[in-house]
Structure formats: C-alpha cells, structure tokens
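Peer 1: Chain by chain, the residues run as shown.
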Amino acid sequence: MPVGIVIVSHSPKLAEGIRDMAEQMAGGMINIRAVGGTADGSLGTNPDAILDALRAADGGDGILVLMDLGSAVMSAETALELAAGSLSSRVVLSDAPLVEGAIVAAVQPSIGHGLDQVSAAALGSRRMNKVNH
Amino acid sequence: MGNTDGLGLAIAERVQAVMAEHAAELTQLDSAIGDGDHGTNMNRGFTAVLAKVQEQPDQSLAAVIKTAAMTLISTVGGAAGPLYGTAFLRASTALAASPEVGTAEVATAVKAALEGVQQRGKATTGEKTMVDAIAPAVDALNAAAEAGASVADALDQAAEAARQGMEATIPMLATKGRASYLGERSIGHQDPGATSSYYILRTIADLVRERANA
Chain A
1 MPVGIVIVSH SPKLAEGIRD MAEQMAGGMI NIRAVGGTAD GSLGTNPDAI
51 LDALRAADGG DGILVLMDLG SAVMSAETAL ELAAGSLSSR VVLSDAPLVE
101 GAIVAAVQPS IGHGLDQVSA AALGSRRMNK VNH
Chain B
1 MGNTDGLGLA IAERVQAVMA EHAAELTQLD SAIGDGDHGT NMNRGFTAVL
51 AKVQEQPDQS LAAVIKTAAM TLISTVGGAA GPLYGTAFLR ASTALAASPE
101 VGTAEVATAV KAALEGVQQR GKATTGEKTM VDAIAPAVDA LNAAAEAGAS
151 VADALDQAAE AARQGMEATI PMLATKGRAS YLGERSIGHQ DPGATSSYYI
201 LRTIADLVRE RANA
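Residue numbers (this note's numbering), protein chains in the order written: chain A, 1 to 133; chain B, 1 to 214.
Hints may be right or wrong, so weigh each one.
Claimed, not checked - Examples of chain B residues toward chain A, derived with CB under 8 Å:
hint, residue
1, Ser74
2, Thr75
3, Pro82
4, Leu83
5, Arg120
6, Ala168
7, Pro171
8, Leu173
9, Gly177
To be verified - Facing chain B, a subset of chain A residues (Cβ under 8 Å, in silico):
hint, residue
10, Gln24
11, Gly28
12, Thr45
13, Pro47
Said to hold, decoys possible - Distance windows between CB atoms, simulated:
hint, chain 1, residue 1, chain 2, residue 2, range
14, A, Asp52, B, Pro99, 49 to 57 Å
15, B, Gly6, A, Gly112, 26 to 34 Å
16, A, Asp95, B, Glu115, 34 to 42 Å
17, A, Gly114, B, Ala212, 53 to 61 Å
18, B, Asp58, A, Gly70, 36 to 44 Å
19, B, Glu100, A, Ser110, 44 to 52 Å
20, A, Asp61, B, Ala212, 51 to 59 Å
21, B, Ala96, A, Gly17, 21 to 29 Å
22, B, Gly148, A, Arg127, 43 to 51 Å
In short, the hints are calculated from the structure, not lab data.
These figures come from a predicted structure and were not determined experimentally.
A virtual CB, placed ideally from N, CA and C, is assigned to each residue, including glycine.
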C-alpha cells in the first residue's frame with residue numbers, strides 16, 4: 001500500500017482544503033485524510049479524532065502527518081500515545097510546512113516511495129521558492 | 001491524608017465550578033496573548049470531566065484522575081487538552097502505585113504531572129507557560145514532604161508557590177505556544193495556562209484543607 005497522509009489543522013475547512021489540493025496531485029492513488037476542529041465544532045485539535053484519521057489512513061506501510069501549529073503537534077503526539085499496537089511505529093510527524101509539505105508528500109507515494117522518502121521530500125519543501133527575487 | 005473516599009468526585013465538582021467562575025477571565029488573558037479560547041476550553045473540558053466522573057462516583061482517586069485525563073484529551077480542543085491530559089495521566093499512574101496518599105505521594109504525583117507537561121510541551125521554566133506555575137509547586141511539595149508537613153499544609157504551600165509563579169509570568173517573553181508568535185507583545189500579560197494551573201492547585205488545596213478540618 002502507498003504511504004498514507006493525514007492533514008491536521010485547527011480548522012476543519014483548512015484541513016479539507018489542503019486535502020483536496022493534495023488529492024489533485026495524487027491522482028486518487030493515495031489515502032489522504034483531513035482532520036480538524038474540536039468535538040463540538042470549534043477551532044482546535046482533538047487527539048481522538050486524529051487517532052481515527054490515522055487508523056483510516058493506515059495501509060500498513062506508513063503514515064505521514066502534517067500539522068498546522070504547535071498544539072496540533074501536541075494533539076498528534078497524544079493520539080500516538082493513545083494508539084494501541086504497532087500503529088505509532090508506522091507514523092512520522094512531519095515538521096514540513098503544511099501546504100507545500102502536503103502537495104509534495106502527495107506526489108511521492110504515487111511514484112512508489114516509502115515513508116522515509118516521503119518524509120524527507122515533505123521536509124525538503126521548506127526550501128522551495130514560491131517567489132524568485 | 002487519610003481517607004481519600006469521594007475526594008476525586010469532590011475535586012471534579014469544585015474544579016468545574018472554579019473553571020466556570022473564571023472562564024471569562026481565562027479567556028480574556030488568552031485573548032491578550034493567545035487564541036482567546038482558554039477559559040471556554042477549560043470550562044468545556046471540566047464540565048465534561050464532572051459528567052464522566054459522576055457516572056462512576058465511587059472510583060479511586062487515581063481512577064478519577066485518569067478519567068479526567070482521558071476526558072480532557074477528547075474535549076478541550078486547545079493545547080490545554082493534551083497538556084492537562086498528559087499531566088493528569090502521569091499523576092494518576094503515580095498515585096495508583098501507592099495505596100496510601102501522604103505528602104510524599106502527592107509530591108511525586110504532581111512532579112509526574114509536571115514532567116508530563118514538559119515532555120508534551122517541550123517547555124521549561126521561564127517560557128511563560130503553565131510550567132512556571134507547576135514547577136514552583138513541585139519544589140514546595142518536595143520541601144514540605146522533607147519537612148514532614150501534612151498534605152493540607154503541603155498543598156497550601158504548593159498553591160502559594162504556584163500563585164507566585166503565575167504572577168512571575170507577567171514580565172516574561174513567551175517563547176512557547178501561540179503567544180510566542182507575538183514576540184515582545186507577549187510581555188506584560190499573565191499567562192493563561194499558568195493561571196488555570198494555579199486555580200486547579202488552589203482549589204485542590206482548599207478542598208483538602210476543608211476535609212482535614214472537618
């Protein structure tokens with residue numbers, strides 16, 4: 001199975017929008033999940049919902065998680081602590097920028113790359129120039 | 001501290017009331033340097049905790065704290081969810097390991113909570129976070145345990161140390177959390193997380209004092 005991707009944002013709209021953009025790049029070959037907002041629908045992140053998204057994205061060969069701000073990272077880490085079994089050993093929490101990282105990561109599994117390569121490529125998106133001065 | 005029967009439920013009731021009472025103040029502190037939801041989040045979280053604890057009111061203190069942790073993780077929404085959730089999980093594990101709850105056990109549990117917060121938030125003292133309230137409380141509890149103080153006296157000293165730690169966050173420059181995006185603008189405001197940590201410690205201290213005097 002290709003590496004799965006989970007997009008975590010405080011805003012469900014932001015997570016879903018980035019997922020849609022990433023899916024466009026992946027051509028339907030990658031399992032990309034968007035998760036954001038609290039249980040009652042306000043802005044925030046919810047470890048339980050992130051854990052559900054990780055399970056949904058898990059094809060057995062790794063999951064790259066991209067997050068917006070610090071507490072999304074804390075919620076993702078908490079989700080991994082709550083996860084039973086081997087799931088957490090297949091997950092990489094990426095320090096990549098959310099939009100660029102998601103676009104780059106979405107292309108990688110579709111060309112057969114594994115979790116380490118997908119993770120490295122997402123991080124590499126930090127050095128991409130949007131504006132050439 | 002002698003008998004801890006019903007203490008978990010009593011703490012859940014009292015902390016919920018205190019968070020409801022101070023929700024507007026915590027949110028206002030958070031609006032100055034954060035995303036303006038700390039009071040709302042803490043009130044929502046501890047309201048859910050109380051409802052959960054009331055379903056099984058006879059649980060041990062450690063079990064109640066674990067229920068609180070899991071409920072906060074799934075309901076708070078902001079950074080406080082994973083942070084307080086991890087803190088309470090660690091405290092619960094520490095308390096579950098000892099049948100008697102004395103000053104040394106309380107000190108160990110709060111120290112475990114602090115370590116959980118520091119691990120989850122990668123924060124240390126002086127960064128304008130809840131660590132600045134909890135770390136002095138741990139020092140006070142350790143000193144009280146060494147001096148042979150009662151749990152009620154030890155918690156009282158810990159809450160006072162937390163209050164001083166909370167006030168000491170006012171001149172600090174935030175380097176963690178949403179406030180760190182503000183840079184210099186974070187100076188001059190009291191940290192909302194340190195404030196909620198103080199309220200929790202003060203509430204528990206007052207409750208344990210009342211039970212000791214009863």
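Peer 1: Take the hints in turn and mark each one as holding or not.
Peer 2: Now for the hints, and whether the structure bears them out:
no., hint, result
1, Ser74, "holds, 4 Å"
2, Thr75, "holds, 6 Å"
3, Pro82, "holds, 4 Å"
4, Leu83, "holds, 7 Å"
5, Arg120, "holds, 6 Å"
6, Ala168, "violated, 22 Å"
7, Pro171, "violated, 23 Å"
8, Leu173, "violated, 16 Å"
9, Gly177, "holds, 6 Å"
10, Gln24, "violated, 30 Å"
11, Gly28, "violated, 32 Å"
12, Thr45, "holds, 7 Å"
13, Pro47, "holds, 5 Å"
14, A:Asp52 / B:Pro99: 49 to 57 Å, "violated, 37 Å"
15, B:Gly6 / A:Gly112: 26 to 34 Å, "violated, 60 Å"
16, A:Asp95 / B:Glu115: 34 to 42 Å, "violated, 24 Å"
17, A:Gly114 / B:Ala212: 53 to 61 Å, "holds, 60 Å"
18, B:Asp58 / A:Gly70: 36 to 44 Å, "holds, 38 Å"
19, B:Glu100 / A:Ser110: 44 to 52 Å, "violated, 59 Å"
20, A:Asp61 / B:Ala212: 51 to 59 Å, "holds, 57 Å"
21, B:Ala96 / A:Gly17: 21 to 29 Å, "violated, 44 Å"
22, B:Gly148 / A:Arg127: 43 to 51 Å, "violated, 59 Å"
When held up to the earlier numbered hints, the structure conflicts with 6, 7, 8, 10, 11, 14, 15, 16, 19, 21 and 22 and fits the remainder.
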